[in-house]
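Taking the hints into account, I'd like the entire structure generated from these sequences.
What follows is each chain in one-letter form.
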Amino acid sequence: MSTGREASGRKPNVDLKRIFSLDGVRMSLVIDPEGEVEEEMGAENIDGDQLAAVVSFVMAESRAMATRLGDDQISMVFVEFRDIALLSLPLDEGYFLLLLTDPSANVGQISYELKKSQESAGAMQ
Amino acid sequence: MMESFPPGTFIGEMQAPFKWILIHAARFQGIIRVNASDGEGYVMVRKGEPMGCMFQRKDDLLKGKKAYSHITSYPVVNLSILRYSGEEMESAARLVQSEGTEYHLAEPAAISGQPADHVPTQGGSGKEKINGQAGATAVKGGSVKIPARKSREGSPQTVEEKAVVLPSGLDTENLAHLLLGRMLRLPGVQAVSIFGRGSSVLSIGDVELDSLVILAEDMLEAAKEISSVMRTGQFVHLTLQIPAGKVIIAPYFNEYLCILTSPEVNLGQIRKILKDIPSASDAGGM
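Protein chains in written order, with this note's numbering: chain D, 1 to 125; chain U, 1 to 286.
Any given hint could be a false lead.
To be verified - Far from chain D by the CB rule (all over 10 Å, computed), these chain U residues:
1. Tyr74
2. Glu88
3. Glu99
4. Glu102
5. Tyr103
6. Arg182
7. Gly205
8. Glu225
9. Thr239
10. Phe253
11. Gly268
12. Ile273
Stated by the list, open to error - To be clear about the criterion: a stretch of chain D counts as covered by chain U if any three or more of its residues have a C-beta under 8 Å from a C-beta of chain U, and this derived list gives those stretches:
13. 11 to 21
14. 68 to 80
Stated by the list, open to error - Which chain D residues face chain U? A few, computed with CB under 7 Å, are given here:
15. Pro33
16. Leu51
17. Val54
18. Phe57
19. Val58
20. Glu61
21. Ser62
22. Met65
23. Asp83
24. Ile84
FYI, nobody ran anything at the bench for these hints, they're computed from the structure.
Everything numeric in this text was worked out from a predicted model, so none of it was measured.
Where a beta carbon is used, it is the ideal one built from N, C-alpha and C, also for glycine.
Put into structure tokens, the structure is as follows:
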């Protein structure tokens, strides 16, 4: 990764290992503001870079909807498919955290843990 | 006298082509209030058939088939649906007969005579509505009162009518049960819209969702791309959570639902309802 933000050393401090250990989580990624993978864990059969690019697009469209509704910030985006679910939370400085989970995973519990991470990631490195 | 009509049971408000509603109202009996860019009116319906019809257009009072023809000339109108019991239906039928707005009567001329087959213009203004308010309006040859309804001035009126494919047996009543009865009764659910191909087919609830449809479709298109980089299976739903609430987008047969909620809504209950919609997962995939 070589973004200007990274060059300034302001990266989110997320404990991916702890998040990855949550029940039902298959993959966890931190994605930078350019839509590239900053850090990832799990699911070796999935191309993190490609996934980061398309999910960045989902986040951008979601931001447009949030703005239209009068909110400049997104709390979470949750996309559920039959075989997998994706949860994405914005972090500071344009980064966001992405989790791939089993569709049957406890979304409430995971989102609670993600929010805790989101808060701790507020303190940038 | 529309104000003399039985109050009925309020089912919901929608934006749709009137004929579309009628096609899916095979078991419905009641009255459908109509609000268009140039006036207001009603159609009394029994088992999917119009029984009486009136439309007040400025100083023109259209009755019967002329009113029906005018209402159905709009690609989309604002509708407010009231279900009647058998007793209410009989009472309403007597009123329709006394007002001469029966659908099967010999065609009465419009009181001040403009033809009903004009092309409707986009948008409405208060001036075009009945005195700018709901309620009684005196006209030549009698007075007709239109039940109060929420104003939707400025709503788009020029959405093209499309063929909407819903499963057989799904009529207005079932639709109301599925969407209004179950979703809108959930605490926090503010509005539900059925949309597809960039336009809203139906919009129910207190919040105008039509302007969000294009953005919702953009979100869907973006979500589709996820399936291009990994095996996902069929799309189930997309939920955007913001501090002010949630926007939930999910397949609905060959269209999509857009549900707007306040923050406290129970997402699990919504997901359960989405899964309970018959055949939604079979017909609504991306």
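Each hint tested on the structure:
1. Tyr74: 27 Å, holds
2. Glu88: 39 Å, holds
3. Glu99: It holds; glutamate 99 of chain U is separated from chain D by about 44 Å at its closest Cβ, greater than 10 Å.
4. Glu102: Glutamate 102 of chain U is indeed farther than 10 Å from all Cβ atoms of chain D, at 46 Å.
5. Tyr103: The claim holds: tyrosine 103 of chain U sits with its nearest Cβ about 42 Å from chain D, beyond 10 Å.
6. Arg182: 19 Å, holds
7. Gly205: Since the minimum Cβ distance to chain D is about 15 Å, glycine 205 of chain U lies beyond 10 Å and the statement holds.
8. Glu225: Violated: least Cβ distance 4 Å, not greater than 10 Å.
9. Thr239: The claim breaks: threonine 239 of chain U does not keep its Cβ more than 10 Å from every Cβ of chain D (closest is about 4 Å).
10. Phe253: 17 Å, holds
11. Gly268: Contrary to the label, glycine 268 of chain U does not stay out of reach of chain D, its closest Cβ about 8 Å off (not over 10 Å).
12. Ile273: Consistent with the label, isoleucine 273 of chain U stays out of reach of chain D, its closest Cβ about 14 Å off (over 10 Å).
13. 11 to 21: violated (count 0)
14. 68 to 80: holds (count 12)
15. Pro33: Cβ of proline 33 of chain D sits 17 Å from chain U, so the hint is violated.
16. Leu51: 5 Å, holds
17. Val54: Cβ of valine 54 of chain D sits 4 Å from chain U, so the hint holds.
18. Phe57: Constraint on phenylalanine 57 of chain D satisfied, holds at 4 Å.
19. Val58: Status holds, d = 4 Å.
20. Glu61: 5 Å, holds
21. Ser62: With Cβ-Cβ at 5 Å, under 7 Å, it holds.
22. Met65: 5 Å, holds
23. Asp83: Nearest chain U Cβ about 4 Å off; hint holds.
24. Ile84: With Cβ-Cβ at 5 Å, under 7 Å, it holds.
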